[in-house]
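Participant: Sequence:
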Amino acid sequence: MKLRSWFLQACLVGAGAFAIMCCVFIFPRVPEHFVYQYHNLPVAVIFTVGLYGAAAAFFAAACYSSHLLSALTHRQAFTIRALQLLSRAKWGVVAMTGSLFLFFPQIVVILIQGEDPGSAIVFTGMVVIAAVVAVFLTILQRLWETALQIKDANDAII
Numbered sequence: 001m002k003l004r005s006w007f008l009q010a011c012l013v014g015a016g017a018f019a020i021m022c023c024v025f026i027f028p029r030v031p032e033h034f035v036y037q038y039h040n041l042p043v044a045v046i047f048t049v050g051l052y053g054a055a056a057a058f059f060a061a062a063c064y065s066s067h068l069l070s071a072l073t074h075r076q077a078f079t080i081r082a083l084q085l086l087s088r089a090k091w092g093v094v095a096m097t098g099s100l101f102l103f104f105p106q107i108v109v110i111l112i113q114g115e116d117p118g119s120a121i122v123f124t125g126m127v128v129i130a131a132v133v134a135v136f137l138t139i140l141q142r143l144w145e146t147a148l149q150i151k152d153a154n155d156a157i158i
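If you use full-length UniProt numbering, the sequence shown corresponds to residues 1 to 158, in order.
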């Protein structure tokens, strides 16, 4: 179990490192590129705010997920703490989805210009994937709450 947890922790660290590199090296160049390409500064700024907001929410969700993995490694899966960590990770993903919705003004500009509809599909896919993960985490949280209630009821009987 610990080996899998370490692997998942390593994946979280790798994704976090990639996100930091994007925030430092790629995201600052985005508004300049979009203004040059599409001549619409306000929309480019909104898009960039969405990028940084999604990155901040990702870091929060990754941090809570890391703490949740640590709790699972210590065999504290069916505890209130684990349920709270899952809920916080879910809200991090929901915040990330909300930030990614700021992509849509830029998507509209791209589609109106008729250039590169593939990037509009990619941006929309990013929003949809984040929304699906948020829904999955909500379902998982409800299942986890039910399992915790059943465990508590069984512990009370014994």
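What the hints contain is simulated information worked out from the structure, not anything from laboratory work. It should be emphasised that the depicted structure is a prediction, and the values quoted were computed from it without experimental measurement. Cβ coordinates follow ideal geometry from the N, Cα and C atoms, glycine included. Errors might be hidden in some of the hints.
To be verified - Ranges between beta-carbon positions, derived for each pair: (1) 32 <-> 78: 49 to 59 Å; (2) 112 <-> 147: 40 to 50 Å; (3) 28 <-> 147: 37 to 47 Å; (4) 135 <-> 29: 24 to 34 Å; (5) 149 <-> 126: 15 to 25 Å.
Participant: For which of the previously enumerated hints does the structure constitute a violation, in increasing order of number?
Facilitator: Hint check: 5 fails alone, others pass.
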